[in-house]
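Protein chains in written order, with the numbering used here: chain A, 230 to 567; chain L, 3 to 448.
Please keep in mind that the hints were generated in silico from the structure rather than gathered at the bench. From the three backbone atoms N, C-alpha and C, an ideal C-beta is built for every residue, glycine too. Please note that a few of the clues may not be correct.
What the hints assert, rightly or not - Here are some of the chain A residues that sit facing chain L, going by a computed Cβ distance under 7 Å: (1) Y439; (2) E446; (3) E449; (4) R453.
What the hints assert, rightly or not - One-sided excerpt, in silico: chain L residues whose CB lies under 8 Å from chain A: (5) L270; (6) I285; (7) L292; (8) E293; (9) M306; (10) L307; (11) R311; (12) I320.
Spelled out, the chains give:
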Amino acid sequence: MKRESMKALLLGTLGVVAAMSLAMLASHVSPILGFNAFFYGAFGGKQEIAETLASTTALLFPALGIAIAFRAGLFNIGAEGQLLVGGLLAGWIGTRIEVAPALAIAAIFLAGAFGGAVWGAIAGWLKAARGANEVISTLMLNFIAASLALYLVTGPLRAPDAAGPELSLLPHAYWLPTLLPQTRATIALPIALLLAFALRYVLNRTWFGYRLRAAGEAPEAARRAGISLSRVALSAMAWSGALAGMGGAALVAGELHRFNTQLSPGYGFIAIAVALVGGLEPLAICVAALAFGALESGGLALQAAAAVPKDAIHVIEGLLVFALAARRYLGARGATTQ
Amino acid sequence: MLDAVDLTCEAGEIHALVGENGAGKSTLAAIAAGELSADTGEIERNGRIGLVHQHFALIDRLCVWENVVLGREPRRLATIDRGAARAFVRDLGERYGLDVDPDALVEDLPVGIRQRVELLRELARDPSILILDEPTAALSPGEVERLFSTVARLTQNGVGALVITHKLDEVFAHAERVTVLRRGRVVERRPVAEITRDQVARAMIGGDIPSIPSHQPTNGAVVVRVEDLAVPGAIEHLSLHIAAGEILGVAGVEGNGQSALADALAGLTPFRGTIDRPAAIGIIPQDRLLEAVIPAWSLVENAMLGRERAAGNGSWRIDRAAARAQCTAIVERFDVRTESIDAPLATLSGGNQQKLVVGRALIDNPAFVIAYNPTRGIDIGATATVHGELLAARNRGAAILLVSFELDELFALSDRIVVIARGALRGEFTDRHFDRDAIGRLMVSA
Numbered sequence: 230m231k232r233e234s235m236k237a238l239l240l241g242t243l244g245v246v247a248a249m250s251l252a253m254l255a256s257h258v259s260p261i262l263g264f265n266a267f268f269y270g271a272f273g274g275k276q277e278i279a280e281t282l283a284s285t286t287a288l289l290f291p292a293l294g295i296a297i298a299f300r301a302g303l304f305n306i307g308a309e310g311q312l313l314v315g316g317l318l319a320g321w322i323g324t325r326i327e328v329a330p331a332l333a334i335a336a337i338f339l340a341g342a343f344g345g346a347v348w349g350a351i352a353g354w355l356k357a358a359r360g361a362n363e364v365i366s367t368l369m370l371n372f373i374a375a376s377l378a379l380y381l382v383t384g385p386l387r388a389p390d391a392a393g394p395e396l397s398l399l400p401h402a403y404w405l406p407t408l409l410p411q412t413r414a415t416i417a418l419p420i421a422l423l424l425a426f427a428l429r430y431v432l433n434r435t436w437f438g439y440r441l442r443a444a445g446e447a448p449e450a451a452r453r454a455g456i457s458l459s460r461v462a463l464s465a466m467a468w469s470g471a472l473a474g475m476g477g478a479a480l481v482a483g484e485l486h487r488f489n490t491q492l493s494p495g496y497g498f499i500a501i502a503v504a505l506v507g508g509l510e511p512l513a514i515c516v517a518a519l520a521f522g523a524l525e526s527g528g529l530a531l532q533a534a535a536a537v538p539k540d541a542i543h544v545i546e547g548l549l550v551f552a553l554a555a556r557r558y559l560g561a562r563g564a565t566t567q
Numbered sequence: 003m004l005d006a007v008d009l010t011c012e013a014g015e016i017h018a019l020v021g022e023n024g025a026g027k028s029t030l031a032a033i034a035a036g037e038l039s040a041d042t043g044e045i046e047r048n049g050r051i052g053l054v055h056q057h058f059a060l061i062d063r064l065c066v067w068e069n070v071v072l073g074r075e076p077r078r079l080a081t082i083d084r085g086a087a088r089a090f091v092r093d094l095g096e097r098y099g100l101d102v103d104p105d106a107l108v109e110d111l112p113v114g115i116r117q118r119v120e121l122l123r124e125l126a127r128d129p130s131i132l133i134l135d136e137p138t139a140a141l142s143p144g145e146v147e148r149l150f151s152t153v154a155r156l157t158q159n160g161v162g163a164l165v166i167t168h169k170l171d172e173v174f175a176h177a178e179r180v181t182v183l184r185r186g187r188v189v190e191r192r193p194v195a196e197i198t199r200d201q202v203a204r205a206m207i208g209g210d211i212p213s214i215p216s217h218q219p220t221n222g223a224v225v226v227r228v229e230d231l232a233v234p235g236a237i238e239h240l241s242l243h244i245a246a247g248e249i250l251g252v253a254g255v256e257g258n259g260q261s262a263l264a265d266a267l268a269g270l271t272p273f274r275g276t277i278d279r280p281a282a283i284g285i286i287p288q289d290r291l292l293e294a295v296i297p298a299w300s301l302v303e304n305a306m307l308g309r310e311r312a313a314g315n316g317s318w319r320i321d322r323a324a325a326r327a328q329c330t331a332i333v334e335r336f337d338v339r340t341e342s343i344d345a346p347l348a349t350l351s352g353g354n355q356q357k358l359v360v361g362r363a364l365i366d367n368p369a370f371v372i373a374y375n376p377t378r379g380i381d382i383g384a385t386a387t388v389h390g391e392l393l394a395a396r397n398r399g400a401a402i403l404l405v406s407f408e409l410d411e412l413f414a415l416s417d418r419i420v421v422i423a424r425g426a427l428r429g430e431f432t433d434r435h436f437d438r439d440a441i442g443r444l445m446v447s448a
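Next up, chain A with everything else stripped away, as it sits in the complex (with noise of 0.2 Å):
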């Protein structure tokens, strides 16, 4: 098992590589260049370390939340949208009050995760009353959530003083704390990281956890056994975009320091890769969401130095997964083959 996932890395990484190198030379571009701009730009200088884990940490909140409800059998692809919406409700509240910073932060985060949550609850609700799909319901929410988040801040709750639409900015007290000085690393990560510890306990040690993971494991038999599919539907929606909120809460206070609609360049989607390359594991999911970090701010990097188009980064993830996928399907054929 071990050496099969060795296996699985080595030949993961190798095949990353290869498809980079190959759009660098479809770019004209050296590999060997390439590659060196890429790891500059991703683990270069305190700068660019900075710049891979603060990806990382708006990858690794929504990454999270897509595990939860992946573990209870719900495909929630609408992380973009919850982002959007606990963004929303936290750049809201952070105008909104004067209290210590700390309190304040706390609020912000509070928000992000009731605005995620309740913009999943609404997916896991229609799932669980009216049995809709929630891959349809979380895609279209996610529209809504940008229209809603548009008409918010160009209309009724647009900063008189902005020149863009978006909310005001925050007072300067409640930006959130820099790991490394005067870069967009902030405590956001290490948050993130204990409610990741927190998610693995909760999965793996709690009832709750533990009916969440068998009403996606074998919905039937959880069924049978007593356990209320729909309660756990809406739970694990509302826990799912509570997450996914934090992260929208998190590049609030964190980097825009204010709420615009351009919060998100669709971390939420990049994190069903990261869920899913993390085996919807939670210290997994940490480990993938670096790795997916670095190749984003790399990838930059190399769009700013050797003309690769940043889009062939997103290729390369897009492979990544459907590689992935792949494998979990061939690997279940070769089991069922026995």
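Assemble chain L onto chain A, guided by the hints.
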């Protein structure tokens, strides 16, 4: 799976292949029919070998003739010659006494008729040998008789029939020769006239059949009362009661409302009418792998299913030590054979998995137990353990609803039997006076 097995089936004979689950019967059938390949050895076929699967391999959304001619459709230019196909299926049915409407949709047909379609499909390919894998598993006694008269007609036409079964009644009523398979080896082969039932049974399990406890007299109050139960599309006006220390057997052909009755009693399906039952209830679901266990999980985690909150003792946390102790208790008391309680359940044999399921349902001595085909697909040893534990629970005063498609099981365990057909009770047999023929007739009554 199989080790140096040799087997011959001659034209015009009914040859019974018996053995416990996991003895290798289905594997042997698949190899003979060419669906699997053997590592060594050879198979000599004079003509085609047809295989009728235990789990039907029909396409539900197609009609009968479409299923029968699938893969060898009579063609007219680029289209199927429907008229010829229908006529072909009708002729085939008449020749073998298999009466089926060629235009009926398979999904609308009852199990017994679907099996005729399976048979027709194999017969359409003109086999010289026909293998029937557990053909009577889901049939009523009347349908069983009908099936064997069809098989007899086939053998008169020179087709050899290899019937795989674990029901010894069928072997002695219909077969000419019997081969016993145990753990992938042939342990006995003789003409049926030269061997006794007991000898076959002993050959199958390789020893004596374990004995089960007797029915101790109990005289309990009624603890389960069902009045005028209705489940839309499945049950109408059904009333029954079960007393403490009583096993009520429910006889019936699969799909006549048994699942709805069990689900309504378990609180898993909406119903009209009244159900009065104790809150503490142990359930043995009908489909072990789908409804009862999570195969990839450990024994400990499976033993917790449905009791996970109790394993937390009121806190959010699962008390792992208590959960392990509980699992160990089930494993020891119910003779679950495993290397470790941390092993994935899927590594256990079906019989041992089922013993865990039964143990989980009975360990807390619930006042009411629902057992749905509690021994389906498990070996004789495990069956004896499960039967013994159900009787022990009865003798301790539990009220037990036993749904089974095996009349022998119902006769062995029940204090009283009710017959269900088309969602209503059609008859009741009390005081352990059970009339097989009368029950069989009621099972198919309208």
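Interface restraint verdict for L/L270 against chain A (beta-carbon cut-off 8 Å): Interface hint status for L/L270: holds (6 Å vs cutoff 8 Å).
Supplied contact hint for A/Y439, tested at 7 Å Cβ to chain L: 5 Å, holds
Restraint satisfaction for L/L292 [CB to CB of chain A, less than 8 Å]: Constraint on L/L292 satisfied, holds at 5 Å.
Interface restraint verdict for L/I320 against chain A (beta-carbon cut-off 8 Å): 6 Å, holds
Restraint outcome when L/I285 is required to lie within 8 Å of chain A by C-beta distance: 7 Å, holds
Satisfaction of the A/E449 interface hint, Cβ to chain L closer than 7 Å: A/E449 check passes; min Cβ-Cβ to chain L is 5 Å, inside 7 Å.
Interface hint status, A/R453 versus chain L (Cβ within 7 Å): Result: holds, 5 Å to nearest chain L Cβ.
Hint validity - L/L307 Cβ closer than 8 Å to any chain A Cβ: 5 Å, holds
Status of the hint placing L/M306 at chain A (closest C-beta pair under 8 Å): Where the cut-off is 8 Å and the nearest Cβ of chain A is about 7 Å from L/M306, the hint holds.
Interface hint compliance - L/E293 to chain A, C-beta minimum distance less than 8 Å: With Cβ-Cβ at 5 Å, under 8 Å, it holds.
Cut-off 8 Å, beta-carbon criterion: hint that L/R311 touches chain A: Holds: closest Cβ of chain A sits about 5 Å from L/R311, inside 8 Å.
Hint validity - A/E446 Cβ closer than 7 Å to any chain L Cβ: 5 Å, holds
Against the hints set out earlier in the document, no violation occurs for any number.
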